[in-house]
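Can you build the whole structure from these sequences, using the hints too?
So the sequences go chain by chain: A and B. Letter by letter, the first sequence follows residues 1 to 146 of our numbering. Letter by letter, the second sequence follows residues 147 to 311 of our numbering.
Be aware that a few hints might be false.
[Stated by the list, open to error] Pairs of lysine to any residue, SDA-like flavour, derived with a Cα cap of 20 Å:
#1 289(B) x 229(B)
#2 148(B) x 176(B)
#3 120(A) x 217(B)
#4 29(A) x 221(B)
#5 289(B) x 169(B)
#6 120(A) x 247(B)
#7 289(B) x 160(B)
#8 186(B) x 231(B)
#9 120(A) x 219(B)
#10 29(A) x 228(B)
#11 120(A) x 157(B)
#12 29(A) x 47(A)
#13 29(A) x 231(B)
#14 29(A) x 220(B)
#15 148(B) x 193(B)
#16 120(A) x 161(B)
#17 129(A) x 9(A)
#18 289(B) x 185(B)
#19 120(A) x 221(B)
#20 120(A) x 248(B)
#21 120(A) x 216(B)
#22 29(A) x 223(B)
#23 29(A) x 168(B)
#24 29(A) x 225(B)
#25 29(A) x 115(A)
#26 120(A) x 220(B)
#27 29(A) x 229(B)
#28 120(A) x 164(B)
#29 29(A) x 55(A)
#30 81(A) x 55(A)
#31 29(A) x 165(B)
#32 29(A) x 219(B)
#33 289(B) x 187(B)
#34 29(A) x 232(B)
#35 29(A) x 226(B)
#36 120(A) x 160(B)
#37 29(A) x 222(B)
#38 29(A) x 39(A)
#39 120(A) x 167(B)
I should point out that these hints are in silico values taken from the structure, not numbers from a laboratory.
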Amino acid sequence: MEQFAPVRRSKDGQPVRYLIVDDSVFARKNLARMIESFGGQVASEAGDGLTAITEYDRTSPDIVLMDITMPQMEGIEAAEKIVQQHPEARIVMVSSVGYQENIVAALQRGARHFVQKPVKPDVLYEVIKYVLGDDAAVTNAAGAGA
Amino acid sequence: MKMELIQPFINAADAVLAQGLQCTTSIANLSMEEEAYRRKGIAALVWLTGDIEGRIILDLDPETAVRVASRMAGGELPESDELVRETVFELANQVIGNAITSLNDQGFHFRVHPPVLHTSEEGSRSSEDTEALVMCFETISGKIFMNIALRYTGRRHPDRAAVAG
Chain A
1 MEQFAPVRRS KDGQPVRYLI VDDSVFARKN LARMIESFGG QVASEAGDGL TAITEYDRTS
61 PDIVLMDITM PQMEGIEAAE KIVQQHPEAR IVMVSSVGYQ ENIVAALQRG ARHFVQKPVK
121 PDVLYEVIKY VLGDDAAVTN AAGAGA
Chain B
147 MKMELIQPFI NAADAVLAQG LQCTTSIANL SMEEEAYRRK GIAALVWLTG DIEGRIILDL
207 DPETAVRVAS RMAGGELPES DELVRETVFE LANQVIGNAI TSLNDQGFHF RVHPPVLHTS
267 EEGSRSSEDT EALVMCFETI SGKIFMNIAL RYTGRRHPDR AAVAG
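Here is the structure:
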């Protein structure tokens with residue numbers, strides 16, 4: 001997989017920590033590989049919206065990558081509940097269902113961005129930099145710090 | 147079956163496979179079938195209900211599924227039943243998700259049910275108004291079959307009826 005200039009947290013130069021939420025193990029593994037190629041770290045994974053809420057509380061990730069269609073609790077509802085408890089949460093919806101109603105509903109309920117599957121690594125990389133804003137710094141080599 | 151219902155699925159499959167496998171794809175076979183569906187390998191079956199009703203089956207043999215998963219993951223993956231099933235389901239989700247995005251933007255509303263494993267050797271026989279279109283996509287990883295049987299239900303919202311004619 002293509003390697004990207006590592007994106008680190010500005011405040012301490014540490015890798016950005018991600019929570020990956022998707023009911024497909026295969027999709028989670030693919031996203032985890034992309035995150036590693038961005039110099040990030042998987043803080044936790046969840047297979048449904050309910051688990052995502054508890055994993056967010058437990059791990060306080062810098063970014064959540066959230067699928068929409070999942071069992072038990074769908075991604076948009078889970079995003080809303082996380083943002084109600086943690087207004088600073090940065091949630092990027094990642095779904096193959098990208099019609100306008102879904103995107104608008106997700107953004108209205110607290111998501112920061114939307115990426116359609118199949119995920120292009122370069123698109124996700126740019127979205128992550130955009131969503132993190134000044135809280136992220138792109139380093140020119142692994143381990144170079146902020 | 148109307149071409150306007152089918153084309154989004156062909157476009158979505160082409161886009162998802164081309165991007166996921168980093169290759170060009172071609173449709174090797176395309177046929178209309180009223181006979182019962184005979185699966186080729188591991189098949190994911192997805193039902194749609196709403197303005198459009200019917201089902202889509204994505205079907206590939208286990209060896210092809212492992213090659214597809216390995217290419218999408220960027221490295222060789224060991225064969226397992228779970229990997230094969232996950233790969234077929236994820237492909238089905240992505241193809242159908244992209245297709246319904248296009249159909250929804252044209253004004254159709256419907257519910258997509260989660261994929262289920264199609265385990266029987268034969269599917270139900272198609273009826274006159276839901277005859278199935280069977281496509282075979284040739285990819286670098288092998289053949290991938292898609293079987294679509296959809297029909298309008300006439301429940302479409304009147305203010306959107308002009309969008310797709």
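Each hint tested on the structure:
1. 289(B) x 229(B): Judged against 20 Å, a Cα distance of about 18 Å means the pair holds.
2. 148(B) x 176(B): Satisfied, since the Cα-Cα distance of roughly 15 Å is no more than 20 Å.
3. 120(A) x 217(B): Answer holds: residue 120(A) to residue 217(B) is near 14 Å, not above 20 Å.
4. 29(A) x 221(B): Between residue 29(A) and residue 221(B) the Cα gap is close to 12 Å, so the pair holds against 20 Å.
5. 289(B) x 169(B): holds, 13 Å
6. 120(A) x 247(B): holds, 18 Å
7. 289(B) x 160(B): holds, 13 Å
8. 186(B) x 231(B): Holds, at roughly 14 Å.
9. 120(A) x 219(B): Answer holds: residue 120(A) to residue 219(B) is near 12 Å, not above 20 Å.
10. 29(A) x 228(B): Holds: residue 29(A) and residue 228(B) sit about 13 Å apart, inside 20 Å.
11. 120(A) x 157(B): holds, 17 Å
12. 29(A) x 47(A): holds, 12 Å
13. 29(A) x 231(B): The hint holds at about 15 Å.
14. 29(A) x 220(B): Since the Cα atoms of residue 29(A) and residue 220(B) sit roughly 11 Å apart, the hinted pair holds (cutoff 20 Å).
15. 148(B) x 193(B): holds, 18 Å
16. 120(A) x 161(B): Holds - the C-alpha atoms of residue 161(B) and residue 120(A) are around 12 Å apart, at most 20 Å.
17. 129(A) x 9(A): At roughly 11 Å apart (the allowed maximum being 20 Å), residue 9(A) and residue 129(A) satisfy the hint.
18. 289(B) x 185(B): The hint holds at about 13 Å.
19. 120(A) x 221(B): Holds: residue 120(A) and residue 221(B) sit about 17 Å apart, inside 20 Å.
20. 120(A) x 248(B): Status holds; Cα separation ~19 Å.
21. 120(A) x 216(B): holds, 16 Å
22. 29(A) x 223(B): Distance ~12 Å between residue 29(A) and residue 223(B) Cα, so the pair holds.
23. 29(A) x 168(B): Roughly 18 Å separates the two Cα atoms, so the pair holds.
24. 29(A) x 225(B): holds, 15 Å
25. 29(A) x 115(A): holds, 17 Å
26. 120(A) x 220(B): Holds, at roughly 13 Å.
27. 29(A) x 229(B): holds, 11 Å
28. 120(A) x 164(B): holds, 12 Å
29. 29(A) x 55(A): holds, 17 Å
30. 81(A) x 55(A): holds, 13 Å
31. 29(A) x 165(B): holds, 17 Å
32. 29(A) x 219(B): Within the cut-off at roughly 8 Å; holds.
33. 289(B) x 187(B): Cα-Cα ~11 Å, so holds.
34. 29(A) x 232(B): holds, 11 Å
35. 29(A) x 226(B): holds, 15 Å
36. 120(A) x 160(B): Given pair residue 120(A), residue 160(B) holds - Cα atoms ~15 Å apart, limit 20 Å.
37. 29(A) x 222(B): holds, 13 Å
38. 29(A) x 39(A): holds, 15 Å
39. 120(A) x 167(B): holds, 12 Å
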